[in-house]
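Make the full structure from the sequences, and use the hints.
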Amino acid sequence: MPRKTKWMIALAVLFVAVVEVPALVWFCGLLYAIDHAGQTETRATGCGRAMTAMGWKLPPGAERQQCLELDDPAWPSQWSGTFRMPRAEVRGWLDSHPKEHLPSQRDPRGVFEFHGELHLHINYPKAPNFGNGDIDKIEVQVAWEGEDSAVVTFKTYPG
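At the far end of the sequence shown sits residue 159, using our numbering, and the numbering has no gaps.
Hints were generated in silico from the structure; no laboratory data involved. One or more of the hints may lead you astray.
For each label pair, taking beta carbons as the anchor points, the in silico distance ranges come out as [said to hold, decoys possible]:
#1 Asp71 <-> Thr5: 48 to 58 Å
#2 Ala10 <-> Glu139: 47 to 57 Å
#3 Trp144 <-> Pro60: 18 to 28 Å
#4 Met8 <-> Ser96: 52 to 62 Å
#5 Glu113 <-> Arg64: 16 to 26 Å
#6 Val151 <-> Asp95: 16 to 26 Å
#7 Pro2 <-> Glu41: 55 to 65 Å
As a list, the in silico DMTMM-like pairs of lysine to aspartate or glutamate whose alpha-carbon atoms are at most 25 Å apart [claimed, not checked]:
#8 Lys155 <-> Asp136
#9 Lys155 <-> Glu41
#10 Lys137 <-> Asp95
#11 Lys57 <-> Asp136
#12 Lys137 <-> Glu113
#13 Lys155 <-> Glu117
#14 Lys137 <-> Glu41
#15 Lys57 <-> Asp95
#16 Lys137 <-> Glu89
#17 Lys155 <-> Glu139
#18 Lys155 <-> Glu113
#19 Lys6 <-> Asp72
#20 Lys57 <-> Glu89
#21 Lys137 <-> Glu117
#22 Lys155 <-> Glu63
#23 Lys155 <-> Asp95
#24 Lys155 <-> Glu69
#25 Lys155 <-> Asp72
#26 Lys155 <-> Glu145
#27 Lys57 <-> Glu113
#28 Lys57 <-> Glu117
#29 Lys137 <-> Asp72
#30 Lys137 <-> Glu69
#31 Lys155 <-> Glu89
#32 Lys57 <-> Glu147
#33 Lys137 <-> Asp71
#34 Lys57 <-> Asp148
Think of the CB as a built atom: it goes at the ideal place given N, C-alpha and C, for glycine as much as any other residue.
So, in structure tokens, the structure goes:
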């Protein structure tokens, strides 16, 4: 086979690999999303499972846990929940998690106080499923409930 023909075949294969295959994968994903639209299911789940999906750990003193998984065949699972924990342990628990790509540097740890509550917003967190477009944002809000208790509310957002 002439050298020029080999180069033409190589360029054709490269074109298919670089342009056609990704377009086909994207198109199939779009068809899947359209076909399964509206099949979203919200179900109760353990807060430990939700925290693990975020790459975090549930604090040992967490009580009255109420967490949800939003499952949609067209999108990755998202998580939300509320639990109570000892007020004295909140800062240490928040500070124990990785906080790359914070949208605000008001506090070096990423935690800021607003209207008497603590807030933490993380973009592009290091979570086990990060990198697949699964969790692109985590928001945590902590409200004080008396002298000894805090209510933690969290939510993740897709990529």
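Check the structure against each numbered hint from earlier and tell me which ones fail, lowest number first. 19
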